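S.K.: Take a look at the letters that make up each chain.
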Amino acid sequence: MTWETVVGLEVHVQLKTQSKMFCGCATTYGETPNTNVCPVCLGLPGALPVPNAEAVRLGVRGALAIGCFIHPTSVFARKNYFYPDLPKGYQISQFDRPLATAGAVAIESPERGPITISITRLHLEEDAGKSLHDRIPGMTAIDLNRAGTPLAEIVSGPDMRSPAEARAYLVTVRQLLIYAGVSECSMEEGSLRVDANLSVRRPGDPLGTKTEVKNMNSFANVERALESERARQIALLESGDTVTQVTLTFNATTGEVKPLRSKEDSHDYRYFPDPDLPPLVLETAWIEAQRASLPELPAARRARYEAVLALPPYDVRVLTQEPVIADYFEAVVATGVDPKTAANWVLGEVMTGFNEQGSFAVAPDRLAALVALVDDGTVSLSAAKKVFMALSTTADAPAAVAHRLGLVQVRDEDALARWVDEVVAAHPDEAARFRGGDAKLIGFFVGQVMKKSQGKADPKGIQPILLRRLQS
Amino acid sequence: MSAMTLARETGARLAEAEARGLNATLHWSQAVLDRDAARLDAAPAGALTGMAVAVKDNIVTIDQPTTCASKILDGYISPYEATVVTRLRDAGALIAGKANLDEFAMGSSTEHSAYGRVKNPIDLDRVPGGSSGGSAALVAAGVTAAALGSETGGSVRQPAAFCGVVGMKPSYGRVSRFGLVAFGSSLDCISVFGKTVDDASRTLCAISGPDPRDATTRSDPPLVMQPHRADLRGVVIGLPREYFPADLHPGIREACNATIALLRELGAEIRDISLPNTASAVPTYYIINPAEAAANLARFDGVRYGSRRVGPEGDVRALYRATRGEGFGPEVRRRILVGTFVLSAGYSAQYYNRAQAVRRLIIDDFTQAFASGIDLLFTPTTPTPAFKAGEKIADPVQMYLADIFVAPASLAGLPAMSLPIGRDGGLPIGGQLIARDMDEATMMAVASVLEASLDAMGEVR
Numbered sequence: 001m002t003w004e005t006v007v008g009l010e011v012h013v014q015l016k017t018q019s020k021m022f023c024g025c026a027t028t029y030g031e032t033p034n035t036n037v038c039p040v041c042l043g044l045p046g047a048l049p050v051p052n053a054e055a056v057r058l059g060v061r062g063a064l065a066i067g068c069f070i071h072p073t074s075v076f077a078r079k080n081y082f083y084p085d086l087p088k089g090y091q092i093s094q095f096d097r098p099l100a101t102a103g104a105v106a107i108e109s110p111e112r113g114p115i116t117i118s119i120t121r122l123h124l125e126e127d128a129g130k131s132l133h134d135r136i137p138g139m140t141a142i143d144l145n146r147a148g149t150p151l152a153e154i155v156s157g158p159d160m161r162s163p164a165e166a167r168a169y170l171v172t173v174r175q176l177l178i179y180a181g182v183s184e185c186s187m188e189e190g191s192l193r194v195d196a197n198l199s200v201r202r203p204g205d206p207l208g209t210k211t212e213v214k215n216m217n218s219f220a221n222v223e224r225a226l227e228s229e230r231a232r233q234i235a236l237l238e239s240g241d242t243v244t245q246v247t248l249t250f251n252a253t254t255g256e257v258k259p260l261r262s263k264e265d266s267h268d269y270r271y272f273p274d275p276d277l278p279p280l281v282l283e284t285a286w287i288e289a290q291r292a293s294l295p296e297l298p299a300a301r302r303a304r305y306e307a308v309l310a311l312p313p314y315d316v317r318v319l320t321q322e323p324v325i326a327d328y329f330e331a332v333v334a335t336g337v338d339p340k341t342a343a344n345w346v347l348g349e350v351m352t353g354f355n356e357q358g359s360f361a362v363a364p365d366r367l368a369a370l371v372a373l374v375d376d377g378t379v380s381l382s383a384a385k386k387v388f389m390a391l392s393t394t395a396d397a398p399a400a401v402a403h404r405l406g407l408v409q410v411r412d413e414d415a416l417a418r419w420v421d422e423v424v425a426a427h428p429d430e431a432a433r434f435r436g437g438d439a440k441l442i443g444f445f446v447g448q449v450m451k452k453s454q455g456k457a458d459p460k461g462i463q464p465i466l467l468r469r470l471q472s
Numbered sequence: 001m002s003a004m005t006l007a008r009e010t011g012a013r014l015a016e017a018e019a020r021g022l023n024a025t026l027h028w029s030q031a032v033l034d035r036d037a038a039r040l041d042a043a044p045a046g047a048l049t050g051m052a053v054a055v056k057d058n059i060v061t062i063d064q065p066t067t068c069a070s071k072i073l074d075g076y077i078s079p080y081e082a083t084v085v086t087r088l089r090d091a092g093a094l095i096a097g098k099a100n101l102d103e104f105a106m107g108s109s110t111e112h113s114a115y116g117r118v119k120n121p122i123d124l125d126r127v128p129g130g131s132s133g134g135s136a137a138l139v140a141a142g143v144t145a146a147a148l149g150s151e152t153g154g155s156v157r158q159p160a161a162f163c164g165v166v167g168m169k170p171s172y173g174r175v176s177r178f179g180l181v182a183f184g185s186s187l188d189c190i191s192v193f194g195k196t197v198d199d200a201s202r203t204l205c206a207i208s209g210p211d212p213r214d215a216t217t218r219s220d221p222p223l224v225m226q227p228h229r230a231d232l233r234g235v236v237i238g239l240p241r242e243y244f245p246a247d248l249h250p251g252i253r254e255a256c257n258a259t260i261a262l263l264r265e266l267g268a269e270i271r272d273i274s275l276p277n278t279a280s281a282v283p284t285y286y287i288i289n290p291a292e293a294a295a296n297l298a299r300f301d302g303v304r305y306g307s308r309r310v311g312p313e314g315d316v317r318a319l320y321r322a323t324r325g326e327g328f329g330p331e332v333r334r335r336i337l338v339g340t341f342v343l344s345a346g347y348s349a350q351y352y353n354r355a356q357a358v359r360r361l362i363i364d365d366f367t368q369a370f371a372s373g374i375d376l377l378f379t380p381t382t383p384t385p386a387f388k389a390g391e392k393i394a395d396p397v398q399m400y401l402a403d404i405f406v407a408p409a410s411l412a413g414l415p416a417m418s419l420p421i422g423r424d425g426g427l428p429i430g431g432q433l434i435a436r437d438m439d440e441a442t443m444m445a446v447a448s449v450l451e452a453s454l455d456a457m458g459e460v461r
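Going down the list, the protein sequences come from chains B and P.
According to this note's numbering, the first sequence is numbered sequentially starting from 1.
According to this note's numbering, the second sequence is numbered sequentially starting from 1.
These are calculated hints, taken from the structure and not from any lab test.
Just so it is clear, the structure is predicted and the values come from calculations on it, not from any experiment.
Hints should not be assumed to be uniformly reliable.
[Claimed, not checked] Example chain P residues on the side facing chain B (calculated, C-beta under 8 angstroms, incomplete):
hint: 1; residue: THR216
hint: 2; residue: VAL303
hint: 3; residue: SER344
[Said to hold, decoys possible] Using C-beta positions, here's what the derived DEER-type ranges look like:
hint: 4; chain 1: B; residue 1: PRO33; chain 2: P; residue 2: PRO227; range: 31 to 39 angstroms
hint: 5; chain 1: P; residue 1: ILE62; chain 2: B; residue 2: GLU31; range: 36 to 44 angstroms
hint: 6; chain 1: P; residue 1: LEU337; chain 2: B; residue 2: ALA141; range: 25 to 33 angstroms
hint: 7; chain 1: P; residue 1: LEU337; chain 2: B; residue 2: GLN18; range: 36 to 44 angstroms
hint: 8; chain 1: B; residue 1: PRO72; chain 2: P; residue 2: ARG271; range: 38 to 46 angstroms
hint: 9; chain 1: B; residue 1: PRO279; chain 2: P; residue 2: GLU254; range: 45 to 53 angstroms
hint: 10; chain 1: B; residue 1: ASN34; chain 2: P; residue 2: GLY50; range: 38 to 46 angstroms
hint: 11; chain 1: P; residue 1: PRO227; chain 2: B; residue 2: GLY181; range: 52 to 60 angstroms
hint: 12; chain 1: P; residue 1: ARG271; chain 2: B; residue 2: PRO279; range: 31 to 39 angstroms
hint: 13; chain 1: P; residue 1: GLY50; chain 2: B; residue 2: ASP134; range: 58 to 66 angstroms
[To be verified] Dumping the calculated DSSO-like pairs for lysine-lysine here, alpha-carbon to alpha-carbon at most 30 angstroms:
hint: 14; chain 1: B; residue 1: LYS386; chain 2: B; residue 2: LYS452
hint: 15; chain 1: B; residue 1: LYS456; chain 2: B; residue 2: LYS340
hint: 16; chain 1: P; residue 1: LYS195; chain 2: B; residue 2: LYS130
hint: 17; chain 1: B; residue 1: LYS210; chain 2: B; residue 2: LYS258
hint: 18; chain 1: B; residue 1: LYS340; chain 2: B; residue 2: LYS258
hint: 19; chain 1: B; residue 1: LYS79; chain 2: P; residue 2: LYS71
Where is the CB? At the ideal position from N, CA and C, for every residue including glycine.
Extracted from the complex, chain B is given alone in its bound form (with noise of 0.2 angstroms):
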């Protein structure tokens, strides 16, 4: 009999603002510990929070992008417990009235096909500073440069029934919460987190006791250690044992989970409304305005791609992975360039140089110019990517590129047949077997004038001198 695996995901992204979410410190990554604090974010008495208005508007930004409803008014909650990063005691949350509730997310399960994964609520919240404790010998250092950075937990419903199916699921939550703007989303920068809740069942039983793991720095993490996790678990249940709730953490080295703490010392977090912070109020029209100004979203790209700019559906997914790539595309496409030929480009050269160098090298518009020069035979596809390579380093017009790197098609008639008639003259063997009926030597040929013109030569304007020059 089979076990049916059941996953939720709770995923923490930060908000990119500026300021931190209750004072106006930086919430630049990387400085200095503990310069990126104020009495706000230290928790000095008579502090107070002070919400930031931007880290609202990108938290609704990014609840629209799930589909979310966005309630009118939600309330910072206080979330009470004691650790040595966490200045005030207690973290400035939202509990009972969430910003957002009851969203959905359309994924691709490669397990199930096309399924969708409930959103249960979006909520803003603050970060915790970072306990460091390799820092110093026998010690644990604090840094609370990160104390008060804005964040939003988004929580799945419990809807994934699949390891692979919870990746496909951050998947694409990440590229909407980007395609939004909301978040950088990097786990490696820790700006996206994941904690994941899984049980198995017998299908058609109710849900069983679930776990939490932690721990996991990357999506294909996430995976590996909900497997690890659901192997734990069916084994336990297949011997007879129970399973207890209780926290993991996995390790990326052994690939295995270990408890962290069991549900016993869990904590009591007594939440209750914050009264230093009244609740907050979004007007619909402002709501609506948000929702308005949204950019258009993965889906509604890929449906246009598809239907309008007749791609394969290949090219449309990769071009859509991230809005970067594909603004890019689409400004190309606006000059007027056919729109495959201008998905090859940027399938190929250009996110090459973008992966290499996290920006684009050569401007849409140059991109266009050098298309035209294709297009023109000024010069070859193969020297355009040459020249496109160079592009990167100048800001030169690319046909001067061309020319500078004397990469422009000849097309003039005998400087062409000075080159087929040397051709010609240094294979008489093959000639002869031309001659004699062997026509797919021709191609032979051509390959042979575009090396001795080193590649300078037009393709086009080199057959029919061929032909003449091999059947006179």
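Guided by the hints, dock chain P onto chain B, whose structure is given.
M.R.: Positioned in the frame of chain B, the structure of chain P alone reads:
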């Protein structure tokens, strides 16, 4: 008079109060006074020029410690200044020093200070009330014309009544809490003491108004002084019967009756009304306030500032246990325990949530009274005059009941004040005025007229 002269006189009076053993100040120095005075003398005059103002030691100042009368903040100096202190300075006031209080403002007698009890200047064996007892005693002893206190559940009005001075609490959100060490955040109001209604009103006006650093301040512009009224014609004053119980102290009843007669003489219309949920105020207060206090005091953990005691085990929990166990006094520990309990899983619905619902009923009582055409309520401030030191210290419930007439307006966030209305056996008696939300103006104007008439009768101060 120059600020420097005021600084010298204030210093002399502070020293004299110390010599009398009032124990009303925790930190002050002539050097700081002189430095401030030099700055004030070089600056243009303001609304409070020539006035020395003491500051309760739970309001942060950069030039002197802020300890909240707790060992856990022994020697702590804030790197920033409370909005109200900046506003006092900007208005030309001289900051006299930091006044003693019940530890973290938890108490009604200022016996719960880690630095010793404050004595009532009228009778040194008696308490000055609390928690702002040091501020009240300084004004009563004539050391300063005004002082800042803080109210969570009557901590300015009650000591004002016990010491025979004016104590004025604004509407919640009228004055910025930025820099007030939080106790019960939904109740906390920085409030003022004055020798007279005018002193208190001028001080309150100077510190009032919105503050971008406190999200709970109201957007209304700062309070301004009211034109003088000749009488109280057109003013409707309600007497809530729940504030005049059969066992009310006879001296207080007599003083209240005389005041009511005077209000009538001045042209006010007097109406008997009922605020039926009054009796629930103290129990409600003692659930909401500890719940908020327990969270607000969680930051005192020995990790970043304040006193730090490392436990024998050397682990972080031992650090918390030792720091908090030794740093907090018994009343603070009691409130943290109660506050933790009333919010804990399985109990929050029956305590915290119910208390919030009852708070709503108490607010509704007031709303209905004011909607019926009442402008102000008049009540006694306290059920008894100042009690003897040590009398209630062992019985927290009796101590809490000293706030029975002041807690309701705190729960409702309404402006309220106490002013001296008589004496009994030499001990001051306070009368309370409670006003509509954000209607401090009517309260200040009526109090001013009443004060003038009471002064004309003598025997009050």
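S.K.: State for each hint whether it applies.
M.R.: Now for the hints, and whether the structure bears them out:
1. THR216: Holds, about 6 angstroms.
2. VAL303: 5 angstroms, holds
3. SER344: 5 angstroms, holds
4. B:PRO33 / P:PRO227: 31 to 39 angstroms: 57 angstroms, violated
5. P:ILE62 / B:GLU31: 36 to 44 angstroms: 26 angstroms, violated
6. P:LEU337 / B:ALA141: 25 to 33 angstroms: Because 32 angstroms falls inside the window, the suggested range holds.
7. P:LEU337 / B:GLN18: 36 to 44 angstroms: 42 angstroms, holds
8. B:PRO72 / P:ARG271: 38 to 46 angstroms: 40 angstroms Cβ-Cβ, so the 38 to 46 angstroms window holds.
9. B:PRO279 / P:GLU254: 45 to 53 angstroms: 46 angstroms, holds
10. B:ASN34 / P:GLY50: 38 to 46 angstroms: This hint holds: roughly 43 angstroms between Cβ atoms.
11. P:PRO227 / B:GLY181: 52 to 60 angstroms: The hint (52 to 60 angstroms, Cβ to Cβ) holds, given that P:PRO227 and B:GLY181 are roughly 55 angstroms apart.
12. P:ARG271 / B:PRO279: 31 to 39 angstroms: Given a distance of about 35 angstroms, which is inside 31 to 39 angstroms, the answer is holds.
13. P:GLY50 / B:ASP134: 58 to 66 angstroms: 59 angstroms, holds
14. B:LYS386 / B:LYS452: Roughly 19 angstroms between the alpha carbons, so the hint for B:LYS386 and B:LYS452 holds.
15. B:LYS456 / B:LYS340: 26 angstroms, holds
16. P:LYS195 / B:LYS130: 50 angstroms, violated
17. B:LYS210 / B:LYS258: 15 angstroms, holds
18. B:LYS340 / B:LYS258: Violated: B:LYS340 and B:LYS258 sit about 50 angstroms apart, past 30 angstroms.
19. B:LYS79 / P:LYS71: Holds, at about 27 angstroms.
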